[in-house]
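The listed protein sequences correspond, in order, to chains A and B. Following our numbering, the residues of the first sequence are numbered contiguously, the last one being 404. Following our numbering, the residues of the second sequence are numbered contiguously, the last one being 404.
Please note that the accuracy of each hint is not assured.
Now the in silico label distances, taken between C-beta atoms and shown as ranges [claimed, not checked]: (1) A/E127 to B/D373: 51 to 59 Å; (2) A/F138 to B/D234: 37 to 45 Å; (3) B/A45 to A/R177: 54 to 62 Å; (4) B/D349 to A/M306: 37 to 45 Å.
No farther apart than 20 Å at their CA atoms in a straight line, the calculated lysine to aspartate or glutamate pairs in the DMTMM-like style are these [stated by the list, open to error]: (5) B/K350 to B/D312; (6) A/K333 to A/D312; (7) A/K120 to A/E175; (8) B/K38 to A/E15; (9) B/K333 to B/D216; (10) A/K38 to B/E115; (11) B/K333 to B/E368; (12) B/K141 to B/E109; (13) B/K308 to A/E256; (14) B/K141 to B/D180; (15) A/K333 to A/E354; (16) B/K333 to A/E256; (17) A/K350 to B/E256; (18) B/K350 to A/E256; (19) A/K397 to A/D23; (20) B/K350 to B/E301; (21) A/K333 to A/E368; (22) B/K333 to B/D363; (23) B/K308 to B/D349; (24) A/K308 to B/E256; (25) B/K142 to B/D105.
By construction, these hints were calculated from the structure, which means they are not laboratory data. These numbers were taken from a predicted model, which means no experiment stands behind them. Note that the Cβ used here is the ideal one computed from N, Cα and C, for glycine as well.
Number of protein chains: 2
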Amino acid sequence: MARSGRLSSPGDQRESGRQQILDVIRAAESIARIDIAKATGVSPATVTAITAELLAAGLIEEIAPEITPEARRGRPRVALKIRGAAHRIAGLKVSHHVVSTVITDFVGEELASHEMPLIKGTMPVAEFCTQIRRALEFTCKKGSFTIDDLSGIGLGVAGMVDAERSFVYWSSSLEARNVDLGAALAEVLPCPIFMDNDANLVAKAEHLFGEGRTCDNFIVITIEHGVGMGIVIDGQIYRGTRGCGAEFGHTKVHLEGALCQCGQRGCLEAYVGDYALLREANISSGSERHTSVAALFGAAENGDKMAKSILDRARRMFAMGLANVVNIFDPTKIILSGARLSFDHLYSDKVIEEMRQWVVQVDAPLPEVIVHDWGDLMWAKGAAAYGIEEVTSRTVKELANASV
Amino acid sequence: MARSGRLSSPGDQRESGRQQILDVIRAAESIARIDIAKATGVSPATVTAITAELLAAGLIEEIAPEITPEARRGRPRVALKIRGAAHRIAGLKVSHHVVSTVITDFVGEELASHEMPLIKGTMPVAEFCTQIRRALEFTCKKGSFTIDDLSGIGLGVAGMVDAERSFVYWSSSLEARNVDLGAALAEVLPCPIFMDNDANLVAKAEHLFGEGRTCDNFIVITIEHGVGMGIVIDGQIYRGTRGCGAEFGHTKVHLEGALCQCGQRGCLEAYVGDYALLREANISSGSERHTSVAALFGAAENGDKMAKSILDRARRMFAMGLANVVNIFDPTKIILSGARLSFDHLYSDKVIEEMRQWVVQVDAPLPEVIVHDWGDLMWAKGAAAYGIEEVTSRTVKELANASV
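Chain A on its own, in the form it takes in the complex (with noise of 0.2 Å):
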């Protein structure tokens, strides 16, 4: 009992036809007319009208056909495909240390990538936006080209990002609140940048290439200075209202607890987080001399009591959090996706085990979890699959002002 019809013109129905034919050809790598045809419903004479001018406009190409033995009584087909050449695209993941960055064609192909170390986690909005360009320039270097032959840029920033406006409302990375960063860096860069929160497009990889590839209904979990969340639903990144929902490490796990860097009590990233162990561990000593996670995970190893003790709650708020996100949201599948050593506690099978054990028991078997070990180039991956996206998007709306 939908409540209203949606409203399309023709003008509409044709644009959507070229985006439809275009993630067809994308999904399919090589395919024939006819086949698009059947896989959109599209008649094949539009099929032929809409694949003609995006074959013009340069983003698609022909390839010769391969004649098999069975192919060989009748006309061999031409396929097409997404033309590489089409678009040069940047993606970018920037953590607490470093900026990782991958080019790539418009096939997704890569042409090169560069880990730029950062020396500041957080800075000031322009020095931000010099730390991006000169990790762009460096990695177009690298490629032999440059950075005015990029199309458009994906960008995952941690934090609260509203990626339809490119604002930021708070990032770790970043020392004002409130930044419109997506201005800010159309100042210093020669193209369109898409931007959204990391554990988003990290949640956009693991479907693309990942552990979600097979799978239109899941969660992400990253760990990494903070906690984040992608939530994925029928294939698409679910962002909230206000583009600040799935805020997972801040989700309360007790009343009035322990207090986060967020200035607020009880959140999860007050429990689990790096600073948060830490800061236990330092009280409870009475010094300053716990600095690392890694040695922290070293001392309870070794049979430290305290360390085991500050460790082992941490895993156990966060088999918690996992079980809320269960009974929440009901997932087929939970990918645990990063690539800090430190958060091996947070890991491990015990995690998953207690965990099980918090959801809501029903005859029915559980989401599966899977550890995915990804390192950061892989995030940026992430970036670049939604700047491409993204650039699509563009380009057939320029198709459709440019035929009305």
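The hints should help you fit chain B onto chain A, whose structure is shown.
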């Protein structure tokens, strides 16, 4: 970058056209053929063919055009509407004390309603089925027709329900777990029954008739014997993969906390449910004298410190749970829907005030929180709406099969 094109045959397209056209007519109440074509993008010729078929099947009817002075010049347009007499649909909501039933026509106009008290809240499956049949017979009698005149029944049940399979993992209304309730009810009922978690049907009712009318992304929280949640994303009920998501009442708000009726510890329900409040009051006073939440409430208002402390904690735990929902979903609206006076402490301004303090603070307005004091009959209307939807989609499928 969608990864697969949907395969759709001309038959599929015809079926989705029928559904789309019925949806548009239902939404518009009455609409001319040419406006259906505009609203759906379906060609006028196809609209004419499909509406002829729907008229012949008795699902829609023509209504005489109103002759306005403006319209007098052209040919008057005949409008189409859903034919109320096409089907009679029942909606039921089973709570711990009462079975609420409403019967509507195919338009959704109420024909009869009835509230049948229940002596036992938790029943064997056979008795549950008998009570459902009794409630339906009573209500049909009031409307001067019989149970055999019904085309379909929507049913809201508390607990974990896999709507697709009509399977109940657990419900406070049933003694057994893992019940194929659809099959059991089919044996005593003359027409198809469609069931869902009751909070989902409240969410549907809010979307169709209530506070969610103007809104496609909202959360409904229901407070009755337990705490329920319905999630509406992009206008659709979100059910989770196994049909047991949205278990807000069983999200953990305290590690190894209070014991819940589900057998686990630290669930929100174990702090805010009526049984939880009375249990704490009786433990604290070392007696069994507390048997009503209303009395506990009265005591708190008269200055009883213990009662006040119990209700205060419940309120704060509930606010924390709500803040977590905002932090994860970032919805446009949260609707607190229910009719129980005994839960006033959870509906207070103070809860909303505390929730506001505990959500992630960004420079954007918070979701609206609305308290909606609805009776159980409105929940039953949501169940009827679900029945109408399902009967419509079955009828569309039958037309498709008939035309193959």
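Hint by hint, here is what the structure shows:
1. A/E127 to B/D373: 51 to 59 Å: holds (53 Å)
2. A/F138 to B/D234: 37 to 45 Å: With Cβ atoms ~41 Å apart, the hint holds.
3. B/A45 to A/R177: 54 to 62 Å: holds (57 Å)
4. B/D349 to A/M306: 37 to 45 Å: For A/M306 against B/D349, whose Cβ atoms are near 43 Å apart, the range 37 to 45 Å holds.
5. B/K350 to B/D312: holds (10 Å)
6. A/K333 to A/D312: Distance of about 25 Å is beyond 20 Å: violated.
7. A/K120 to A/E175: holds (11 Å)
8. B/K38 to A/E15: holds (17 Å)
9. B/K333 to B/D216: With a Cα-Cα distance of about 9 Å, the restraint between B/K333 and B/D216 holds, given a limit of 20 Å.
10. A/K38 to B/E115: Violated, at about 52 Å.
11. B/K333 to B/E368: Answer holds: B/K333 to B/E368 is near 5 Å, not above 20 Å.
12. B/K141 to B/E109: Status holds; Cα separation ~17 Å.
13. B/K308 to A/E256: holds (19 Å)
14. B/K141 to B/D180: Not OK: B/K141 and B/D180 at ~29 Å, beyond 20 Å, violated.
15. A/K333 to A/E354: Roughly 17 Å between the alpha carbons, so the hint for A/K333 and A/E354 holds.
16. B/K333 to A/E256: violated (25 Å)
17. A/K350 to B/E256: holds (16 Å)
18. B/K350 to A/E256: holds (16 Å)
19. A/K397 to A/D23: holds (14 Å)
20. B/K350 to B/E301: holds (15 Å)
21. A/K333 to A/E368: holds (5 Å)
22. B/K333 to B/D363: holds (17 Å)
23. B/K308 to B/D349: holds (16 Å)
24. A/K308 to B/E256: This hinted pair holds, its Cα atoms lying about 19 Å apart.
25. B/K142 to B/D105: holds (15 Å)
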